[in-house]
Amino acid sequence: MRPLDENETTVVFEKIFKFVGNNLKNIVENPSHEGPEPEAGRYCFRLQRNRVFYVSESLVKRATNISRKNLVSLGTCIGKYTHAGSFHLTIMSLNLLAANAKHKVWLKPTSEMSFLYGNHVLKGGLGRITDSIVPGDGVVVFSMSDVPLGFGIAAKSTQDCRKLDPNGIVVLHQADIGEYLRDEDEL
Amino acid sequence: MVLTRSSKKAPKPQTPPVKNLSKAQTPPLSKAEKPQTLTSKKGAKSQKKPPLKKQKKDVIVVEEEDDDEEVSDVESEEIDESDDGEKGSNGFFSDDDGEELLNDNFLDGSDDDEEEERSDSDEALSSDSDSDEDDIQKESEAIDRAKAKEEEDADAELLDFNKEDGPEEHETFRLPTQEELEEEARGPPDLPLLQSRIKEIVRALSNFNVLRPNGASRKECVEQLKSDLASYYGYNSFLIGALFELFPPVELMEIIQAFEKQRPTSIRTNTLKTRRRDLADVLLNRGVNLDPLSKWSKVGLVVYDSQVPIGATPEYLAGYYMLQGASSFLPVMALAPKENERIVDVAAAPGGKTTYVAALMKNTGLIFANEMKVPRLKSLTANLHRMGVTNTIVCNYDGRELPKVLGERSVDRVLLDAPCSGTGVISKDESVKTSKSLEDIKRFAHLQKQLLLAAIDLVDATSKTGGYIVYSTCSLMVAENEAVIDYALKKRNVQLVKTGLDFGQDGYRRFREHRFHPSLKQTKRFYPHVHNMDGFFVAKLKKMSNMKQSSEDDDEAVETVEQADVSSDDDEEAEAMEEMEKLSVPSKQPKENKERLAKSKEKKKGKKDGKSKSKNVERKPKKKRSDWKKEIAQAREEKRRAMRENSKGKQ
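Chains as they are written, first to last, in full-length UniProt numbering: chain W, 1 to 187; chain V, 1 to 651.
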């Protein structure tokens with residue numbers, strides 16, 4: 001386990017920024033109540049076996065006496081580095097992203113299951129959408145009852161969405177909670 | 001049945017007065033007649049039931065001589081047919097005489113004639129007419145006699161009807177001879193025969209003096225029962241024998257039948273994300289039929305059936321609930337973790353209990369979730385992330401190494417859901433029936449003892465809020481449950497405390513030849529046939545002090561060493577192995593041991609005791625058992641001398 005170096009940190013922050021925008025400050029400076037000390041510590045990012053974890057400092061301190069090959073996970077895993085060296089956010093970061101998301105999309109009940117199977121979000125399945133979405137923004141997908149379902153990349157801006165035909169893709173799928181069942185091994 | 005009964009329907013003479021009054025009082029009963037027409041189970045006979053029930057209160061006295069036999073036959077037939085036989089007729093005949101009298105009144109029906117029924121009941125109502133008093137008296141006596149006879153006959157028939165083998169067959173039940181057994185063994189097992197034989201033997205065993213089959217000893221019956229059960233239900237002989245030792249025959253049947261069925265599916269609300277009521281609403285909307293689990297749990301829900309797969313709803317995937325057996329709630333409830341504590345879960349996968357602990361702690365504090373098997377780690381991490389648990393570190397160690405890695409006396413509470421033979425969850429995994437042997441049980445017991453000692457070493461006894469270890473298994477075997485706890489009580493300075501679970505059976509204080517510490521009463525056992533959850537065992541220990549050797553009188557300490565020797569070989573091996581492990585550990589440990597012993601020396605009276613103990617400890621693995629005994633005897637002598645000297649010195 002080691003802290004992220006400069007490049008890695010910028011890459012990770014960039015990805016998160018797409019989803020949360022200025023709330024990134026919240027994420028980084030969130031007071032954490034984890035760990036046995038009564039005062040709140042801070043959160044930090046650590047890299048372990050190509051996975052980036054978002055953990056509070058007190059956990060990190062106590063995890064240092066676990067040897068590298070026996071440490072499996074700390075706090076929340078937010079993403080991993082592929083062999084090629086690019087960083088992807090995984091579904092396990094959903095809780096963190098959903099709490100701080102700037103761009104949100106709500107799906108109609110009929111198209112929830114389709115998204116959970118890994119399909120993209122079509123215009124016909126769109127219930128609500130926040131304004132001022134630019135193509136390429138990170139979008140967190142919710143159900144109508146505010147249950148976070150996953151996240152993706154916006155394909156169209158909010159204005160364009162209104163003009164789209166019902167089969168047009170609005171959000172490109174990146175991760176959804178159905179992966180807990182489908183891709184258990186990948187996680 | 002019908003035939004025998006109908007044969008009794010020899011028509012008895014209807015008394016004339018009954019018929020005469022028939023027409024006068026038909027109107028009041030016309031209402032009662034209507035329900036009769038509605039029910040049409042089996043002709044007119046079944047129709048008699050409703051009026052019977054409605055007009056119960058009105059008619060009380062039997063006066064006429066009715067077709068008693070026919071009446072009761074008819075009624076019992078109805079009830080038999082409607083209630084699948086046995087219970088109905090039983091219950092029926094156990095009713096008060098009053099009801100039977102009533103029935104006779106109504107169902108007077110000679111040959112199911114409704115008018116005659118009405119007339120008979122009318123007759124009952126107008127029974128007080130002064131005329132014909134003498135006649136009526138004679139008639140009533142005759143009726144009473146007939147009634148008594150009818151009841152006797154009915155009871156006899158009832159017995160016949162109830163038992164599949166009549167009383168005659170029961171008397172001649174005997175154990176199969178050797179030839180019969182060989183013949184049976186040749187072909188495939190004859191299931192109905194096995195089943196009936198099992199029932200017979202269980203009944204015989206429950207009242208052996210009276211019901212014993214001729215010439216057979218209790219042992220033979222038991223052996224036959226065991227082999228029948230094994231072949232009928234698919235167990236191996238070891239497991240049947242072990243279950244037989246735990247339960248009497250009738251309860252054994254209950255638990256074996258309980259194992260054949262699934263326990264109800266239950267889920268646990270994730271309080272980090274939602275509340276039970278909200279979750280129940282959402283799931284009900286999706287078409288899941290559920291109920292709160294029981295009064296001892298505020299987060300459990302039991303699922304009866306569901307239109308959608310309960311393990312794949314969006315709520316499940318979003319981490320709002322966890323599929324978890326009801327018995328798995330119990331060790332976490334016993335552990336009762338508080339916020340801002342450090343907890344270790346020694347065998348955490350797949351993570352149901354760990355996530356419950358995190359939910360109770362509200363994501364504060366710190367949890368070490370350890371799992372030895374690599375393939376299970378994925379499901380553990382996935383579950384933790386899905387449920388939104390952020391205060392957990394997952395590591396991959398053998399549980400026995402944890403004190404070295406995490407440091408001894410470093411955490412507040414430990415949850416040890418030990419790997420076990422799984423004899424309590426046979427309903428989930430049928431392979432346990434055939435795959436477990438005595439060797440497996442011994443191996444598990446040995447591993448569990450080591451894990452429990454490691455768990456105890458992890459805990460800091462001086463922790464302000466904690467100092468507890470919860471040990472649980474999903475097994476029913478005493479060797480894996482009470483024996484392991486008893487071992488820990490001797491080896492470490494821990495005490496059993498109340499689990500905090502107010503239901504469940506107490507653990508065994510003594511079992512066959514074993515005698516355990518009396519406080520083992522505070523452990524809890526759960527059974528599928530009693531509590532409708534998987535077989536489980538939970539024990540809660542409190543660590544009293546951080547010393548490794550028990551800090552009771554050293555006399556006792558040496559005695560416990562002796563006891564440990566004298567009791568099962570496994571304990572001996574375990575001790576020997578433990579000592580060897582301790583010795584092989586880096587040299588710090590013996591020094592620590594000696595330091596602690598030095599402390600104990602200062603605290604206690606006998607100085608020699610500490611030394612002799614450490615000598616015992618270090619010499620043991622090298623010497624033979626007979627030598628140990630001599631040594632121990634010598635040590636005892638020395639101690640006695642020392643105690644005498646001390647007491648003399650004091651005086």
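Do not rely on the hints blindly, as some may be mistaken.
Derived pair list, reagent style BS3-like, types lysine-lysine, alpha-carbon separation capped at 25 Å [said to hold, decoys possible]:
1) Lys25/W x Lys338/V
2) Lys69/W x Lys373/V
3) Lys69/W x Lys298/V
4) Lys15/W x Lys362/V
5) Lys378/V x Lys61/W
6) Lys404/V x Lys61/W
7) Lys298/V x Lys61/W
8) Lys362/V x Lys298/V
9) Lys362/V x Lys25/W
10) Lys108/W x Lys362/V
Computed footprint of chain V on chain W, listed as stretches where at least three residues anywhere in the stretch have a Cβ under 8 Å from a Cβ of chain V [unchecked claim]:
11) 74-80
12) 135-147
13) 151-162
The set of hints was computed from the structure by calculation and includes no laboratory data. Ideal Cβ placement from N, Cα and C applies to all residues, glycine included.
Consistency of the hints with the structure:
1. Taken as a hint, the Lys25/W and Lys338/V pair is broken in the structure, with Cα atoms around 31 Å apart against an allowance of 25 Å.
2. Of the supplied pair hints, the one linking Lys69/W and Lys373/V holds, its CA atoms being roughly 13 Å apart against a limit of 25 Å.
3. For the proposed pair Lys69/W and Lys298/V, the alpha carbon gap of about 39 Å is over 25 Å, so the pair is violated.
4. As the CA atoms of Lys15/W and Lys362/V are separated by approximately 29 Å, the hinted pair breaks the 25 Å bound.
5. For the hint linking Lys378/V to Lys61/W, the alpha-carbon distance of about 24 Å falls within 25 Å, and the restraint holds.
6. With a C-alpha separation of about 17 Å, the suggested pairing of Lys404/V with Lys61/W holds against the 25 Å cut-off.
7. Between Lys298/V and Lys61/W the CA atoms are separated by roughly 35 Å; this puts the pair beyond 25 Å, and the hint is violated.
8. Restraint check for Lys362/V and Lys298/V: satisfied, since their Cα atoms lie roughly 15 Å apart, inside the 25 Å limit.
9. Using a Cα cut-off of 25 Å, the hinted pair Lys362/V and Lys25/W holds, with the two alpha carbons roughly 24 Å apart.
10. Note on Lys108/W and Lys362/V: the hinted pairing is violated, with a Cα-Cα distance of about 32 Å set against a maximum of 25 Å.
11. Counting residues of the segment 74-80 of chain W whose CB lies closer than 8 Å to any CB of chain V gives 4, so the stated coverage by that chain holds, three being the minimum.
12. For the segment 135-147 of chain W, the proposed coverage by chain V is satisfied: 3 residues have a C-beta within less than 8 Å of a C-beta in that chain, meeting the threshold of three.
13. Only when three residues or more bring their CB closer than 8 Å to a CB of chain V does the claim for the segment 151-162 of chain W stand; here the count is 0, and the claim is violated.
Violated hints for the displayed structure, listed by number in ascending order: 1, 3, 4, 7, 10 and 13.
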